[in-house]
Amino acid sequence: MCGIVGLYLKNKKYNKDLGKFLTGMMNNMSTRGPDSAGFAIYSTERKKKYKYSICYNKNNIKEIKKKLSKEIKDAKIKIISDHFVLETSLKPVKVISIIKGYNNLNLVGYGSSIEIFKQVGNPRDVVNNFSLKNFSGTHAIGHTRMATESAITTDGSHPYSTGEDECLVHNGSLSNHNNLRRTLKKKGIEIKSQNDTEVAAGYISNGLSNKKSLKETLIDGLKDLDGFYTFISGTKNGLAIVRDEIACKPAVVAETKDYVAIASEFQAMAHLPNVNKAKIFEPEPGLVYSWGK
Amino acid sequence: MIKLNLKKDSLRKVNELLQNLDQKSNDRSFKIINPDGNHAICAGLKDEMDVTIEGHVGYYCAGMNMKADVTVNGNVGTGVAENMMSGSVHVKGNASQSAGATAHGGTLIVDGDTSSRCGISMKGIDIIVKGSVGHMSAFMAQSGNLVICGDAGDALGDSIYEAKIFIKGEPKSLGADCEKKNMNKKDQDLLKSLLKKASIDENQLTHFKMYGSARKLYNFNIDNVSEY
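Just so you know, the protein sequences line up as chains A and B, in that order. Using numbering that gives the first Met the number 0, you'd call the opening residue of the first sequence number 0 and step up by one each time. Using numbering that gives the first Met the number 0, you'd call the opening residue of the second sequence number 0 and step up by one each time.
Among the clues, some could well be false.
[What the hints assert, rightly or not] The list that follows gives simulated cross-link-like pairs (lysine to any residue, SDA-like), each with its CA atoms no further than 25 Å apart:
#, chain 1, residue 1, chain 2, residue 2
1, A, K248, B, K184
2, A, K222, B, G174
3, A, K276, B, A39
4, B, K171, A, V252
5, A, K278, B, G174
6, B, K91, A, K222
7, A, K248, B, N82
8, A, K276, B, K171
9, A, K19, B, K6
10, A, K276, B, D110
11, B, K7, A, D219
12, B, K2, B, D26
13, A, K276, B, G73
14, B, K129, A, G285
15, A, K276, B, G130
16, B, K171, A, D257
17, A, K222, B, D153
18, B, K2, A, N275
19, A, K248, B, D26
20, B, K30, A, K19
[As the list claims (entries may be wrong)] These stretches of chain B come out as covered by chain A in the derived footprint (C-beta under 8 Å, 3 or more residues):
#, region
21, 31-37
22, 166-174
Think of the hints as simulated: they come from the structure by calculation, not from any bench. Backbone N, C-alpha and C fix where the C-beta goes; we use that ideal spot for every residue, glycine too.
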């Protein structure tokens with residue numbers, strides 16, 4: 000089943016409430032996906048700084064921190080639950096190869112704006128563990144997972160990020176992901192897990208690296224990605240949603256002058272300010288909707 | 000009018016109260032506030048009563064309804080009035096997919112649009128949609144009537160049986176074995192009564208076209224009877 004949510008703030012006055020709003024949205028979607036949860040938060044980028052969201056599981060963080068600080072001189076490390084966010088001016092190519100040297104670390108996402116956190120367990124616990132309610136930012140995406148295509152692990156949890164400041168959450172299942180995984184790997188896109196959604200994330204990364212917009216890439220995806228899906232995808236500039244042509248997987252959008260909220264079910268957004276006055280609609284099958292700057 | 004607040008009382012408590020209403024009781028008018036997108040509100044009502052829901056509701060609202068009249072001042076999720084037997088459901092906003100699915104009787108009125116599969120496998124219900132309907136509407140519709148004042152998505156009336164579809168706008172495409180029919184006096188009277196139910200001007204009647212089964216699929220072919 001799975002629950003997906005997205006929130007794009009048009010009015011800056013709500014930036015400080017982004018985490019609080021998303022917490023409510025994810026809590027209300029825990030009925031659709033009790034196995035694991037994850038979220039991506041986009042905040043205003045800091046020039047020439049990159050943030051690397053890394054899961055260290057149950058390893059000794061003190062040792063890791065010490066070792067990393069030696070390798071990366073300007074490293075700033077913020078620990079949240081079993082993740083930490085490493086901030087540095089060092090470019091991704093360099094940092095990714097450094098992190099690969101640690102077999103106890105798992106890079107879940109990176110970029111100048113994005114931070115990603117995901118964990119196995121009930122979404123209500125997961126958002127508490129990461130203190131989601133304290134996050135601020137401009138837009139965010141969340142996922143509550145009912146596992147079908149791969150195991151209940153952090154690796155199998157959404158959002159998936161296969162490129163800088165990109166991420167994807169998915170409700171549904173893809174049927175041609177094995178073939179597509181091979182094609183994308185040949186093009187140099189790294190896909191770590193056996194999960195179908197990560198392949199779709201790789202597909203989006205490939206499109207964006209070919210200078211296509213997120214919207215154009217998702218339109219291409221309608222013919223290349225076979226299966227059932229409602230996708231919410233994010234870049235540092237905004238969010239997009241698309242449903243496959245059959246549209247078995249639900250989605251509802253509520254738009255006000257202050258924000259755009261997307262969720263699998265309306266109950267996920269019932270707590271948002273002035274939602275009863277919002278323009279509420281279901282995204283039409285096979286159409287890409289996007290919001291951003 | 001008895002007020003029920005879903006922020007204070009659990010959904011189960013509210014539904015149980017309505018499902019077990021004393022038949023002799025004269026207090027048969029209810030207002031539900033703060034539905035907040037909850038699922039299965041007013042599911043399984045089986046007696047005469049009026050219920051108004053103030054706000055947007057989730058899935059299967061007024062499912063399996065018998066005799067009760069339910070009004071929603073908002074949008075509804077998947078499967079509103081699914082398997083309804085009698086009574087009425089009036090949605091003032093939009094409805095999600097599978098509105099009135101498999102319903103045997105009663106009336107469902109949607110003031111806005113419905114998404115896909117409106118009236119899928121309907122078995123006797125009258126559905127009147129003042130807006131448009133999504134793809135695969137009236138799929139395998141067996142009996143009853145679907146009135147659409149707007150347009151319809153792809154594959155309208157696919158594999159339809161005895162149900163009738165009246166549409167003012169245009170279907171994007173027709174499903175297998177669905178074809179346009181000529182309307183006779185009886186059909187016109189039927190449509191007139193349906194429009195009246197939804198307080199739609201009867202003069203609109205002439206703008207509607209009727210669709211039904213071409214009866215050409217396997218199960219309609221008499222030669223196949225020998226297979227059984």
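Which hints from the list above does the structure break, by number from lowest to highest? 1, 5, 6, 8, 11, 16, 19, 20, 22
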